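S.K.: If you want the building blocks of each chain, they are given just below.
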Amino acid sequence: MTFIATERANRLGLSSLDSVVAFVKALPGVDAVGLEARAANLATRSIKNSSKMAALDTIIRLIDLTTLEGADTAGKVRSLVAKAATPDASHPDTPRVAAVCVYPDMVEHAVAALGSRQGDGVTGISVASVATAFPSGRSTLDIKIADTRYAVEKGANEIDMVIDRGAALSGDWETVYSEIRAIREACDRGDGTHAHLKVILETGELATYDAIKRASWLAILAGADFIKTSTGKVQPAATLPTTVLMLEVVRDWFLLTGEKIGVKPAGGIRQSKDAIRYLVAVVETVGEDWLHPHLFRFGASSLLNDVLLQRQKMLTGHYSGPDYVTVD
Amino acid sequence: MSFMEYAAAPESTSILNIRPHYGLFINNEWVEGRGESFTSISPSTEAELFTVSEADGRDVDRAVTAARAAYDKVWSRMSGAERGKYLFRIARILQERAREFAVAETVDNGKPIKETRDVDVPLAAAWFFYYAGWADKLDHAGLGANPRSLGVAAQIIPWNFPLLMLAWKVAPALAAGNTVVLKPAETTPLTALMFAEVCQQAGLPAGVVNILPGKGSITGRALVEHAGVNKIAFTGSTSVGREIARSVAGSDTKLTLELGGKGANIVFDDAALDQAVEGIIQGIFFNQGHVCCAGSRLLVQENVHDEVLERLTRRLATLRLGDPLDKNTDIGAINSREQLETIHRIANTGEAEGAERWTLDCAIPDKGFWYAPTIFTNVAASNTIARDEIFGPVLSVLTFRTPAEAVTKANNSPYGLSAGIWTEKASRMLTVADQLRAGVIWANTFNKFDPASPFGGYKESGYGREGGRHGLAAYLAKGEGR
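As you go down the protein sequences, you meet chains A and B in turn.
For the first sequence, this note's numbering assigns the number 1 to the initial residue and increments by one for each residue that follows.
For the second sequence, this note's numbering assigns the number 1 to the initial residue and increments by one for each residue that follows.
No lab work stands behind these hints: they were computed from the structure.
Note that the coordinates shown come from a computational prediction; the quantities given were computed from them, not determined experimentally.
Treat each hint with caution, since some may be false.
In silico DSS-like cross-links for lysine-lysine, where the CA-CA straight-line distance does not exceed 25 Å [what the hints assert, rightly or not]: (1) B/K327 with B/K367; (2) A/K25 with B/K425; (3) B/K409 with B/K459; (4) B/K327 with A/K313; (5) B/K327 with A/K48; (6) A/K273 with B/K327.
Examples of chain A residues lying across from chain B (beta carbon under 10 Å, computed) [claimed, not checked]: (7) R45; (8) T58; (9) Y209; (10) V244; (11) V282; (12) L291.
The beta-carbon is built from N, C-alpha and C at its ideal position, and this holds for glycine as well.
Chain A extracted, bound-state conformation (with noise of 0.2 Å):
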């Protein structure tokens, strides 16, 4: 079996490391102006009635749960698992959430407490986890792997790693993608399938969209099943331009190699009426095939409350109140 960074990199021609290397550094610029104008055009997209409908169920479908702090426990954990699987109990036709996502020492509370419901996402909620020193991530490449298998190994179905940014910043795109590699070698389970790699590219400390661009095409080269934009923990965090980037290297792919990889914009989408722009952007920039768990996720812990409370008010005709959700 050739291994995937290998078999992608042997699709566009490229045979080394510095040719995978030279081709991300040579790719054309992206115009920031008019990227952000594009952006706020979809963000004026209305979206009413049954789309509105469609969308808030959409949505729920779509969120990476997450809970990411110090304070974390085992009961938190199985709280939020209890919150992924029936978000909304008043209304038991509300679709439960794709994914929880933890860290690696998390993962068999959340394994556990799922028991049969976990999945794929679609089969069953996943059990994401972040690993690779996050958020920082800077730790040596051992550690990291460590903490990747470690996950792995406690049943996580997908893991959420970070880029090293240092590195992506002084111009080391190496490093940046051997990295990428060495941990998505990392989620092999040994029997042919491998935990879904979602590569954290942390656009906030990125900083510029050429950078942002240029680490998508790396990190899907390097094998991930997923790009994603941010641990949440740096602002800004997610922003729609920026996603609109990410999904538009993801099109490019997709039309190079007919291979669709997913985006996970995270952090900071916390209101229906953002993350509906979300939706709009996929729709209008890779087509609705991607809105599908296996293509695309909200990182987010706050957005479902809101996005249940607007669901409440379109079933219910008026806006109920945040002690009509639960926290968790």
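Dock chain B against the given chain A, drawing on the hints supplied.
M.R.: Positioned in the frame of chain A, the structure of chain B alone reads:
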């Protein structure tokens, strides 16, 4: 249901208060015109909206007389600071009534509410704010101390941006101390007539702004030929512009002409392509291509031609054509049956002359005037569609191999209003811009307007500038050394 089929999101028309009939606005009063009344229809539904009376020669005379009296007795004697107050007031009223004006413009013109709401109306208010600030600073307009106003300005505006073109003309004229007789386009008089109400609301002295709906051949002709007019500002077709220039030749009437265009939008191979695609769309499909400065000739470097076209057609598939009042509509109706026929006629020559046509596959409403976004590839520089202004959503694509060839091809047009340059290389951007003979050059953007920026053309695109200090100077003359 596909998520892409966004549910209808129509802007409500309940805010509109259209009268069944409008007269002429002369000396702050509504009077009946002596010409034949005509009906204004909505281009998207063909529904009759209201009737308007037409000004004939006698009405024009009456309006010019009122404007002259207002000029002599009130407006030219008023201090700049006082004139500025009126302009600020008008700007604020336009902002307060923004939604109403946006809906009115969309209903009367056919353009999408998204554009009237986000572009036409806010920019019209911005124009009044900008020139309001100039009213007491005319010494700095570039004509030396104490420049003088010209007198009565006759202003004739087109149907593509009815309110915005009114603002472009009325704001600087009033700021400089002139009074105005304005003729809106025959198919789109509504927002100009509503603007008359704004003048009343602002307490503008009688006769400072007079509005005369009517046909170009009757009202327009009588206005430009009137001996009491000191300045003519016209935006419209090159053929009418020529006639006007002829009719004022030999007189001391000042003239500015804003005419047609066949803007070149030049895409180099190092451009940020996704953003360039957005700019191409903004350049030719904004306002259904009814834009004198539209980027209707796309010049693409040959080595990225296929990629640009592929990206462009894929992106165009997400455009929504239909009810202009729907907030999600990108492409509205063509302004009139006559214009629709013109677009068909010229576009059909494209195919006849050997170009390849691509048309967006989209549903066309049963009623109203519509033209689906269309792209012609394999266009030769000699083809009619590469030479003539179509004034519709039709893009002609040509290629070039070197920057020098791009410049030569871009300049090879009787027009010279606008051009666009797409490159990530700043040195190339500046070198090329230097060599283009066009009044407005956009770099890595297109169809962006700002009141501080002068706008106007070279060659058959007209002369004189609107906007900025230059636009103000067009309504002033050097002071007589007091």
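S.K.: Are the hints correct? Go through all of them and say.
M.R.: Now the hints, each set against the structure:
1. B/K327 with B/K367: holds (19 Å)
2. A/K25 with B/K425: Satisfied, since the Cα-Cα distance of roughly 16 Å is no more than 25 Å.
3. B/K409 with B/K459: Status holds; Cα separation ~16 Å.
4. B/K327 with A/K313: holds (22 Å)
5. B/K327 with A/K48: Holds, at about 11 Å.
6. A/K273 with B/K327: holds (16 Å)
7. R45: holds (6 Å)
8. T58: This hint holds: A/T58 lies near chain B, its Cβ roughly 7 Å from the closest one there, short of 10 Å.
9. Y209: holds (9 Å)
10. V244: Result: holds, 9 Å to nearest chain B Cβ.
11. V282: holds (9 Å)
12. L291: Nearest chain B Cβ about 6 Å off; hint holds.
In this structure, every one of the numbered hints holds.
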